[in-house]
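Asker: Each of the two chains sits in its own frame; use the hints to bring them together as a complex.
Residue numbers (our numbering), protein chains in the order written: chain A, 5 to 271; chain B, 16 to 289.
For the record, the hints were derived by calculation from the structure and aren't laboratory data.
Cβ atoms here follow ideal geometry from the backbone N, Cα and C, with glycine treated the same way.
Among these hints, one or two may not hold up.
Said to hold, decoys possible - Quick look at which bits of chain B chain A covers, simulated, 3 or more residues with Cβ under 8 Å:
{"#": "1", "segment": "22 to 29"}
{"#": "2", "segment": "87 to 93"}
{"#": "3", "segment": "120 to 127"}
{"#": "4", "segment": "269 to 275"}
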Amino acid sequence: MTAAYPTRWRRPPQIIRNRRLARALQLGFALWFIAALATLDLDWARVAEGWSRALRFVEGFLQPDFTSRWRDISRGLVESLTMTLTSTVVGVAISIPIGIGAARNLAPRWIYAICRSIIAVSRAVQEIIIAIFFVAMFGFGPFAGFLTLSFATIGFIAKLLADDIEDLDEAQVEAVRATGAGWMQVINYAVQPQVMPRLIGLSVYRLDINFRESAVIGIVGAGGIGATLNTSIDRYEYDSAGAILLIIIAIVMVAEYGSSYLRKFLQ
Amino acid sequence: MLDLNGLTKTYKTGDRAVNDVSLSVPKGQIVGLIGPSGAGKSSLIRCINRLVEPTAGRITLAGTELTGLGPRALRRQRRRIGMIFQEYALVERLTVMENVLSGRLGYVSFWQSFTRRFPPADIARAYALLDRVGLLDHADKRADALSGGQRQRVGIARALAQDPELLLVDEPTASLDPKTSRQIMRLLTEICAERDLPAIVNIHDVALARQFLPRIVGLRAGQVVFDGTPADLTDIALTRIYGDEDWDAMRRAEAEDEAETREALAARDAMVLA
Numbered sequence: 005m006t007a008a009y010p011t012r013w014r015r016p017p018q019i020i021r022n023r024r025l026a027r028a029l030q031l032g033f034a035l036w037f038i039a040a041l042a043t044l045d046l047d048w049a050r051v052a053e054g055w056s057r058a059l060r061f062v063e064g065f066l067q068p069d070f071t072s073r074w075r076d077i078s079r080g081l082v083e084s085l086t087m088t089l090t091s092t093v094v095g096v097a098i099s100i101p102i103g104i105g106a107a108r109n110l111a112p113r114w115i116y117a118i119c120r121s122i123i124a125v126s127r128a129v130q131e132i133i134i135a136i137f138f139v140a141m142f143g144f145g146p147f148a149g150f151l152t153l154s155f156a157t158i159g160f161i162a163k164l165l166a167d168d169i170e171d172l173d174e175a176q177v178e179a180v181r182a183t184g185a186g187w188m189q190v191i192n193y194a195v196q197p198q199v200m201p202r203l204i205g206l207s208v209y210r211l212d213i214n215f216r217e218s219a220v221i222g223i224v225g226a227g228g229i230g231a232t233l234n235t236s237i238d239r240y241e242y243d244s245a246g247a248i249l250l251i252i253i254a255i256v257m258v259a260e261y262g263s264s265y266l267r268k269f270l271q
Numbered sequence: 016m017l018d019l020n021g022l023t024k025t026y027k028t029g030d031r032a033v034n035d036v037s038l039s040v041p042k043g044q045i046v047g048l049i050g051p052s053g054a055g056k057s058s059l060i061r062c063i064n065r066l067v068e069p070t071a072g073r074i075t076l077a078g079t080e081l082t083g084l085g086p087r088a089l090r091r092q093r094r095r096i097g098m099i100f101q102e103y104a105l106v107e108r109l110t111v112m113e114n115v116l117s118g119r120l121g122y123v124s125f126w127q128s129f130t131r132r133f134p135p136a137d138i139a140r141a142y143a144l145l146d147r148v149g150l151l152d153h154a155d156k157r158a159d160a161l162s163g164g165q166r167q168r169v170g171i172a173r174a175l176a177q178d179p180e181l182l183l184v185d186e187p188t189a190s191l192d193p194k195t196s197r198q199i200m201r202l203l204t205e206i207c208a209e210r211d212l213p214a215i216v217n218i219h220d221v222a223l224a225r226q227f228l229p230r231i232v233g234l235r236a237g238q239v240v241f242d243g244t245p246a247d248l249t250d251i252a253l254t255r256i257y258g259d260e261d262w263d264a265m266r267r268a269e270a271e272d273e274a275e276t277r278e279a280l281a282a283r284d285a286m287v288l289a
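Here chain B stands alone, though its shape is the one from the complex (with noise of 0.2 Å):
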C-alpha cells in the first residue's frame, strides 16, 4: 500500500533527520514509529504527505509516486492521506462543524469553502464522523470550547472527513491524560479496523505502543534499528533505539500506572453502583 524507498531528509542546516529509510505497510496495519526525541519521527510522517519536503528517495502511495508531483497533483494525492497532530492543530476560532468540513477542503471548489456552502453528501459525512466519535451535540461549538480528548476527536474525524487511504498520525496522545490516552488510541485502532486503513503512528509512549499497535518500527538518529511486533520490542531492542536506561524499572512502573487505572476503574464503578 504504502512503500518508502530510500527515503531521506537533510535540512538546510545540514541535520539529517531521516536517513536512508525503507518501510513497507500494507493495507490495514497500523504501525507505531517510536525513537527518541529528534530522531526523525516527525520529519518522517512529514515527508510522506510532503509537508516536509525529502531530499532523496521514494514513496508511493497504492502504486502513485508521491515525490515529484507538481503542486496541483500533489494536493489531490494529499486529499487522500488523513493527518492526526499533536496538541489536535484544530482551528481554535472555527466551529467543530467548519474543522471536520476542512477535512473537505480538496474536494470543493474555493468558492464553496469560502461561503460554507459543502455538497449535502459531505455534510451528511461530517455528522456521521461526529457520531462515530461521539461529539454529535459538539457540532456548532467552537473547537477552542472543547477538552483535549474531545479536540482530539474532532481531530479525527477531520481526517477521516477527508475518505483517507492512509492515516499519518503524529504524537496523537502526547498532551492526554493516561486514561483518556488509551481512549484515543482504542479508538484510532477500532477506526482502522472498520475501514481496513493503514496508518502510521508517531508515538513518545513505549506502554502505549506495545498496547495497541501490532507492528512498531524503531528510529534512532533516522535511521530503522527496529522492526518487528510488540514481543519482539526486548530490552536489548529497546537500548538500540533509546540507548541505556533501566527498562525493566520502566515495566514495573507501567504495570503499577495499569494497576492504578484498573483500581481507579474498580473504584468508580463501585461507587456508581453504590
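In isolation and in its complexed conformation, chain A is listed as follows (with noise of 0.2 Å):
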C-alpha cells in the first residue's frame, strides 16, 4: 500500500518556477558581480601609504585626550544635544498631524496625497545634503543642524505612525464611532490609544538617532560636536577626535539602553 507513493520529495521552487531559468539568473548575477568587483580601481600604492596615516588615527583612539581640548568639546555637546532634544521634539509634533493625514483609513484622498508627498520628500533626501542647504541659507551653526534634524523625523515619525494607524484594530475605531463621536473625537478615544506606545517608542529611538546625525551633519558646518570632531580631524589632533568619538558611541550606547528599556515599559 506505501510503496505506491513517491519516497522522494524536492522542495518545488517557489519564486522562479523554470529551473533553467533561475539557474541562468544565479549565473548571470555571480557574473555581474564579479565584473562589477573588476571595474574597483585600487591603488595599491596609496593603499600603503596611507597605513601609515590610519595607525596613527588609531593610535590617538587608544590614547584619547579628553582634557587639551575639553572646552571645545563640551561646547559641542552641549550644542547637539541642545540640538537634539529641540529637534526631536519640533519634528514629533509637526509629524503628529502629518502622520494622521497621512493614514489612508481616516484622511480625505486629497489630504492622503498631500502628506504622503510630504513624507517622500523628506526621507529621499538625505540628512547631509539638507544640512548643506539649510547651512548655505541660515550661516554655520547649530540651528541649521536643529533644522536638518526636525525635517528629518518629519520623514521618520509621520511615516511610521501613519503605517502603524493603518494597521490599527478597526473594530475599536468603529465602535466610538459608532458612538456618534465627531473625528477628533474618533482620533482622541480609538486611534490615540492605540498608537501612544509605539509613538513613544519611536520618539525615543529617533531621539537616538538624531544625537548621532548630530555628530556627522556638524561636519557640513551644522554645528554641535560633529563641528569639533571635524575641527579635530583637520587639525591632525586624533587623540582629541579619537575623545570625541568615545564620548558619541558612550552617548549613543546610553540612549540605546535607555530607549530599549523604555520601550520594554510601555508594552
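Answerer: Have a look at this one:
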C-alpha cells in the first residue's frame, strides 16, 4: 500500500518556477558581481601609504585626549544635545498631524496625497544634503542643524506613525464612531490609545538617531559635536578626535539602552 | 419604531450583501437576525447607523429618516442608536470608565472629552450602568485586564450610556463560552425589557436565539426568508435559511448541551453545599 507513493520529494521552486531560468539568473548575477568588482580601481601604492595615517588615527584612539580640547568638546556636546532634543520635540510635534493625514483609513484622498508627498520628500533627501542647504541659507551653526534634524524627523516619525495607524484595530474605531463621536473624538478615543506606546517608542528611538546624525551633519557646518570633531581631524589632533568619538559612542550606547528599556516598559 | 424600507447594499465588488429588505421593529421588541455567514446580517445592522452606507432604500427611526443625513445630523442620530459588538470592540488601552463614558461622546464637546471632564450627570450615569452590569469595582481597570464576559458587559454599558432608543447588537456571544453567552443574552433581554428598548441582535447560535428572542428573522443571500416566532422556526424554515442539514441531530445536541450545563451547575451547587 505505502509502496505506491513516491519516497522522494524535492521542494518545488517558489519564486521562479523554471529551474533552468533560475540557474541562468544565478549565473548571470554572479558574473555581474565579479565584473563589478573588477572595475573597482584600487591604487595599491596609495593604500600602502595610507596605512601609516590610519595607524596614527588608531593610535589617537588608543590614547584619547579628553583634557586639552575639553572646552571645545563640552561646548560641542551641549550644542549637539540641545539640537537633538529640540529637533526631536519639534519634529515629532509636526509629524503627528502629518502622520494622521497620511493614514489612508482616516484622511480624505487629497490630504492623504499631500501628507504622503511631504513624507516622501523628507525621506528622499539625505540629511547631509539638507544640512548643506540649511547651512547655505542660515549660515554655520546649530540652527541649521536643528532645522535639518527636525525635517528628517518628520519623514521618519510621520511615515511610521501613518503605517501604524493604518494597521490599527478597525473594530475599536468603528465602536467609537458608532457612539456619534466626531472626527477629533474618534482620533482621541480610538486611535490615540492604540498608537501611543509605539509613538513614544519611536520618538525615543528618533532622539537617539538624531544625536548620531548631529555628529555627522556637524561636519558640513551645522554645528554641534560634529563640528568639533571635524576641526580636530583637520588639525590632525587624532587623540582629541578619538576622545570625541568615544564620548559619542558612550552617549549612543546609553541612549540605546535607555530607549529599549523604555519601550519594553511601555508595552 | 424602526422601519426599513427596501434597504439594499451593493459593495463596490458587486456583492449585493443586503437585497431589498423591509422590516419593522416596534418599541420594546427584540429581533434576532439569523442566517449563514455572508448572508448580510452584519451589513444590514451597520446600514442602520450608517457605518455602512446603504445603496438604496429608506431607514426611519421614530419618524426621523436616517438615510441621506449630512455628517453632523448623522452623528446626532447615531447617539440614539447604541451598538454592541462581536469581540467587544472596547478600546483596550483605555480604562473601563473611559470606555463607558465614550458612549457620551456624541453629547459633549471635543474639549470636554479630551480633558476627560464629563458632566457630573454623565459620570453618575456611567457608575450606575457599571453597577447594573455588575462591574462597579472594575471602573479604573484597563479594559484589556477583564475577561471576555466582563468586557462584553462593558460593551453593553457603553451602548446604554448613549441613552439609546434602539440597540444594534452584532454577534454578542461569538467569542464567549456557552454559560457566559447565556448570561449575556439574559442581561441584554432584561435591560431591553427594563427600558422598553427595541433591539436587533445578529446571532450565529440558533439555539441561543430560540431560547431568548421572541422574534426571529432569517436572512439568506441578503434577503429575508423567514420572519416569525421561535415556534415557527421548523426544520423546513431552517433549511430555507441555511440549506440542507440534519436539524434533528442539531436539536438533540442542543438538548444534550443544555442537560450538561444543568448537570454542571447542579454539581457546582452540590459542592458549594457540601
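Asker: Does each hint hold? Answer for all of them.
Answerer: How the hints compare with the structure:
1. Counting residues of the segment 22 to 29 of chain B whose beta-carbon sits less than 8 Å from any beta-carbon of chain A gives 0, not enough to reach three: the coverage restraint is violated.
2. For the segment 87 to 93 of chain B, the proposed coverage by chain A is satisfied: 4 residues have a C-beta within less than 8 Å of a C-beta in that chain, meeting the threshold of three.
3. A count of 4 residues in the segment 120 to 127 of chain B with a Cβ less than 8 Å from any Cβ of chain A is obtained; the coverage claim is therefore met, three being the minimum.
4. Coverage of the segment 269 to 275 of chain B by chain A is violated. Counting CB-CB distances below 8 Å, 0 residues qualify, and the rule asks for three or more.
Violated hints, in rising order: 1 and 4; the structure is consistent with all others.
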